[in-house]
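> One-letter residues, chain by chain:
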Amino acid sequence: MNRKLSAAARREENWGWIMVAPTIIGLGVLNIWPFIQTIYTSFCEHLGFGRYKFIGLGNYAEMLGNTEFWKATWNTIFFCILTVPVGVALALFVAILLNAKVKFKGGFRTLFFLPLVCAPAAVAMVWRWIFNGEYGILNQMLGQNIQWITNPRTAVIAVAIVSIWSSVGYDAVLLLAGLQNIPKTLYEANSIDGAGKIRQFFTITLPMVSPTMFSVLIMRLMASMKIYDLIYMMADETNPALTDMQSLMYLFYRSSFVAGERGYGSAIVVWTVGLILLVTLIQFWGQKKWVTYDI
Amino acid sequence: MKRFSRMTAAALALVLLLSITGCGASDGKTHLTFQIWDVAQRASMEAICAAYTAKHPEVDIEVQVTNWTEYWTKLEAAAESNTMPDIFWMHTNQILYYADFGMLADVTDLYADEDPSYYQNHFSDISIGNASGSDGRLYGVPKDKDNLVLVYNKEMFDAAGVAYPDENWTWDDLVSASAQIYDKTGKYGYMAYNDDQMGYWSFVYQAGGCILTEDKTRAGFDQPGTRKGMEFYVGLQDYEWCPDQSYFAETAPGTAFFSGIGSMYIEGNWELMNKCVSFPDMNGKWDIAPMPKCPDPVSGDGRATISNGLCYSTAARGKTRDIALDVIKFFGTEEAQLLASSYGAAISAYNGTEQPYFDAFDKAGYDINVPILMDQFAYGVQNVNNAAKPKWKSPVLDELNKVYNGQQSLDSALDNMQNIIDTETAKKLADN
Amino acid sequence: MKSMDSLHRSYAMAKFLTYFFLILGALIMVFPFAWMILTSSKTVAESLAVDPVVIFPAKWMLDNFKEAVASLPFGHLYWNTTLMVFFRVICAVLFSSMAGYAFAKLHFRGKNLLFGVVLIQMSLPSQIFIIPQYQMVAKMGMANTIFALVFPGLVSAFGVFFLRQTYMSIPDEVGEAAYLDGCNQWQTFYKVMFPLTGTSVAALTIFTAVFAYGDLMWPLVVNSDLKMMTLSSGLSTLKGQFTTNFPVLMAGSLLAMLPMIVLYLIFQRQFVEGIAGTGGK
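Chains as they are written, first to last, in the working numbering: chain A, 109 to 403; chain B, 2 to 433; chain C, 10 to 290.
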């Protein structure tokens with residue numbers, strides 16, 4: 109009996125390995141090995157054409173003493189502040205509106221979701237044109253003369269607006285699914301108590317939707333910490349606000365790809381990944397305080 | 002169940018099919034790839050390839066175009082894994098980096114059998130310099146030579162009653178014409194933006210300064226001529242007739258010019274034919290003039306225009322090295338260079354093959370004063386480069402950006418730019 | 010009576026505000042598209058006019074579209090994008106289903122460690138893989154092929170993570186019943202379990218397709234031959250060529266977005282509901 113069970117267990121184990129093999133081998137070759145190499149090169153100086161010289165913590169020392177690096181770290185955090193709390197709050201607002209009894213609900217949902225299916229390259233292009241300081245329609249409508257993309261103070265905000273515009277519908281759809289799972293009876297029981305709509309929102313809606321909200325927050329935060337594409341497509345090398353808007357991953361691109369400083373670029377990557385893991389851990393730790401899995 | 006296994010089988014079969022179609026066709030020919038970055042020159046490059054394959058039917062050459070930015074990302078990655086394209090363009094920004102690391106085939110003796118001093122007899126010193134490594138040997142066959150010109154809008158000059166620019170124009174004329182045009186027509190004058198090759202470099206050399214010293218080991222930003230040129234060029238954006246750098250970050254000077262918003266900008270001759278073709282409505286309304294000169298240079302006669310040139314290179318350790326060398330040997334002949342010139346996209350480097358370039362404008366009916374390009378070669382300055390250029394190019398641009406957006410003074414920027422170039426260059430020299 | 014009245018009034022007010030914000034939001038969402046369409050039909054001069062700004066082109070014309078089509082081989086771009094999306098979806102669904110099932114239902118040594126690999130991959134920025142992956146493709150001699158486009162999408166960490174959640178929500182009894190019927194683990198997986206994950210697989214398909222379609226850097230680096238590019242990377246080439254000629258760029262963008270938008274409008278229900286499922290609980 110015992111031997112038979114262990115034979116079955118061994119078979120199960122073999123199947124387990126076989127079934128994860130393609131994924132694990134693929135991830136190992138395509139992603140994990142390059143990442144290990146990145147960690148290694150962060151301790152090296154790139155001499156050129158993939159030749160490295162081990163220099164210990166030199167890149168990290170240079171990085172931590174560099175104002176451009178701290179600026180990029182702040183830009184990334186600022187971008188996250190703009191897109192994560194503000195973006196997700198907006199998405200929740202849209203989800204609540206869509207959850208109300210309205211006509212053309214499907215139509216609205218379709219429109220809010222539309223940016224997701226558009227190529228980011230095209231999205232960046234049209235927004236660049238809308239934001240254009242001289243000829244952009246936005247300044248024409250506002251009657252202002254703001255250099256949205258080239259003014260150090262507005263550049264990050266402009267990128268964040270595009271990012272929120274692209275993702276708000278997606279987040280709202282996820283949150284809407286969460287909202288629709290809330291049993292109606294909870295509200296009915298509560299309204300007999302005479303609770304106001306506002307109180308209802310904080311006592312029922314928010315706790316009930318908090319698990320969905322948590323996963324939306326995690327996903328959005330991870331994406332925002334890695335922001336790169338939008339900046340790459342919206343700013344040129346000649347943009348005088350470039351150092352005021354570049355994110356960590358954009359700084360990595362400029363160091364590794366443009367200037368060939370791959371050791372230094374790798375150190376930035378290690379820092380960024382560490383930062384992502386840190387905020388993710390904080391979120392998982394913090395979820396106990398506000399995410400309700402049962403009511 | 003059946004559906005799933007059938008799906009799996011089909012998917013695997015398709016993946017297999019994919020990998021097969023990836024392999025080269027087996028028609029017995031040698032297939033070479035030729036990588037370039039300029040779409041506008043695809044036709045002329047295909048023409049010289051066709052001329053070669055007509056003589057060598059066993060060879061097939063495919064021209065591939067990659068955007069400028071990705072071109073260098075790819076080429077470096079390919080060089081590391083020894084998978085470079087068979088033939089490719091090389092630029093002065095990068096040639097020393099590639100050559101010093103032994104990535105490019107040495108072509109100094111390519112023509113030794115017919116003429117040991119082939120290059121010296123048929124190409125200018127600047128062209129040879131642009132194709133040379135730090136060791137003075139050639140790592141590419143010179144392809145073309147270019148220089149920069151002042152492009153101006155004739156209608157705006159007429160409207161403001163200002164005489165067209167000519168070879169006697171100085172910086173003062175540039176400023177006063179810009180002011181008059183702006184006052185009379187509301188159009189921008191000379192559009193001076195933050196760029197090295199297309200921007201301040203020419204002005205620095207006109208003023209008698211330099212970006213790098215003669216031996217290329219130090220920057221020249223601490224020299225009086227350089228300072229003079231920089232002060233003048235950066236100061237241009239203070240005039241109300243010149244847009245500021247934020248404007249140029251969103252609208253290239255060329256775009257502003259051809260949409261009738263500005264009256265002058267500096268362009269490289271390699272773009273002229275492309276502009277003629279792209280903006281047929283502007284035909285006859287614009288022309289080119291020599292670069293304005295510095296009226297009171299610290300040294301020299303006040304004339305300068307940056308003259309760059311590309312070359313055809315092949316990998317030092319490519320699998321098809323010998324055939325590729327034979328192809329680029331042909332690309333360096335009078336026949337191939339005459340043919341390439343005739344497309345009007347670039348002036349071939351081989352002395353005496355320039356005429357078809359000028360004729361191309363006439364033939365296509367574009368009335369542009371192209372012969373002045375020929376005169377300008379007399380005072381052309383070789384495009385600035387040293388082995389550390391890939392490292393200092395963008396940090397230096399960043400420093401100047403901080404002057405344009407008011408974060409630092411020109412003085413401190415010049416100090417920093419000097420510092421960046423000197424440090425990177427010293428580091429490079431120590432590594433070698 | 011009075012309280013009923015005020016209740017009614019506040020109800021009407023809430024209704025009005027709901028519609029107000031929904032319509033405002035919808036306008037903001039649609040505006041860039043509208044502006045794209047309007048700009049794509051303008052002349053360059055019209056697009057740059059500021060005083061007053063030109064909203065509607067004087068003449069609706071297709072010249073900019075013609076110019077975009079003349080500069081880019083759109084036929085190839087559509088076809089390459091379709092193939093890339095198709096193969097990435099097949100690979101993601103196939104391999105992720107297998108691994109997702111194994112991680113959710115099977116016991117084997119090293120499971121937690123291996124699942125950790127999946128989680129780590131999800132937090133890594135994709136830009137760091139471009140050069141190493143390009144070198145792998147180049148070494149295989151596969152640059153400028155459809156295979157090269159598919160390459161980084163051969164496996165999907167997100168797919169594994171997402172489908173693992175799905176398999177975990179299927180009760181263990183389902184699998185046990187099949188096992189007692191004499192199925193081995195593989196048969197249990199593809200006969201019984203896989204067919205139960207239809208909606209999740211659909212969601213993963215959409216997610217993978219949308220992501221692959223938007224991928225820009227990789228296709229740009231790995232395939233330089235214009236005929237082997239995707240819509241996104243082709244568009245970026247167009248930008249290099251026309252720099253700030255926005256009417257042509259907008260026309261090109263519209264052409265690049267059109268197929269996906271049409272697909273979306275036809276299957277919008279499936280799209281939206283599929284994606285709603287990727288949120289997880």
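The reader is advised that the hints may include incorrect statements.
Listed next, the in silico BS3-like pairs over lysine-lysine satisfying Cα-Cα at most 27 Å (straight line) [claimed, not checked]: (1) B:276 <-> C:236; (2) C:236 <-> A:211; (3) B:403 <-> A:179; (4) A:292 <-> C:24; (5) C:24 <-> A:213.
Calculated directly from the structure, the hints in this document are not laboratory data. Here the structure is a predicted model, which means the values were calculated and not measured.
> Look at each hint and say if it fits the structure.
Evaluated hints:
1. B:276 <-> C:236: Holds, at about 25 Å.
2. C:236 <-> A:211: violated, 46 Å
3. B:403 <-> A:179: Since the Cα atoms of residue 403 of chain B and residue 179 of chain A sit roughly 14 Å apart, the hinted pair holds (cutoff 27 Å).
4. A:292 <-> C:24: The hint holds at about 19 Å.
5. C:24 <-> A:213: Roughly 13 Å separates the two Cα atoms, so the pair holds.
The structure fails to meet hint 2 from the earlier list, while all remaining hints are met.
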